[in-house]
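Engineer: Sequence:
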Amino acid sequence: MDAMGQDPADVPISRSTISRKRKHARKAIAQKIRKEFIPADPMVVHFDGKLLENPNGSGKVERLPTLVSWDGSEKLLGTPALVKGTGDYYKLLSNKLIFIFNAYLRRIRRQISLRIAA
1 MDAMGQDPAD
11 VPISRSTISR
21 KRKHARKAIA
31 QKIRKEFIPA
41 DPMVVHFDGK
51 LLENPNGSGK
61 VERLPTLVSW
71 DGSEKLLGTP
81 ALVKGTGDYY
91 KLLSNKLIFI
101 FNAYLRRIRR
111 QISLRIAA
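Here the UniProt record's numbering is used: the first residue of the sequence shown is 1, the next is one more, and so on.
Treat the hints with care, since some could be wrong.
What the hints assert, rightly or not - Straight-line alpha carbon distances no greater than 20 Å define the calculated EDC-like cross-link-like pairs of lysine to aspartate or glutamate that follow:
| no. | residue 1 | residue 2 |
| --- | --- | --- |
| 1 | K96 | E36 |
| 2 | K35 | E74 |
| 3 | K50 | E62 |
| 4 | K50 | D88 |
| 5 | K84 | E62 |
| 6 | K96 | D71 |
| 7 | K32 | E74 |
None of these hints come from the bench; they were simulated from the model. Keep in mind it's a predicted model, so treat the numbers as computed, not measured.
With the sequences and hints as input, model every part of the structure.
Structural biologist: What follows is the structure, encoded as structure tokens:
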């Protein structure tokens, strides 16, 4: 804290304060990524089931990381947990993520066209 020019005695340090600050920082980073993301067409969707650590630390859970790639860039759409390990369920989750992503792309493209028109 001394390096930041603050007196450590004046800064509340608790688990909840640290948790709130980290949550706020993650939200700001996510907003910045969304704001700066301008994709190019065409895109390729990649997905594959993986056994990953559960965020709450209760062991491992099967997840379906889904990402899109285009022109040397890539973006992770999500990593939903798999309730069933069937191909139909993989398809359902991937389609849901792509649907959400497409809605997001339409909004971004609409904002870009509004900026250009203004």
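Engineer: A separate judgement is required for each hint: does it hold in the structure or not?
Structural biologist: Okay, the hints, checked on the actual structure:
1. K96 / E36: violated (23 Å)
2. K35 / E74: holds (16 Å)
3. K50 / E62: It holds: about 6 Å lies between the C-alpha atoms, which stays within 20 Å.
4. K50 / D88: holds (16 Å)
5. K84 / E62: holds (9 Å)
6. K96 / D71: The hint is violated at about 23 Å.
7. K32 / E74: holds (16 Å)
Of the hints listed earlier, those the structure fails to meet are numbers 1 and 6, in rising order.
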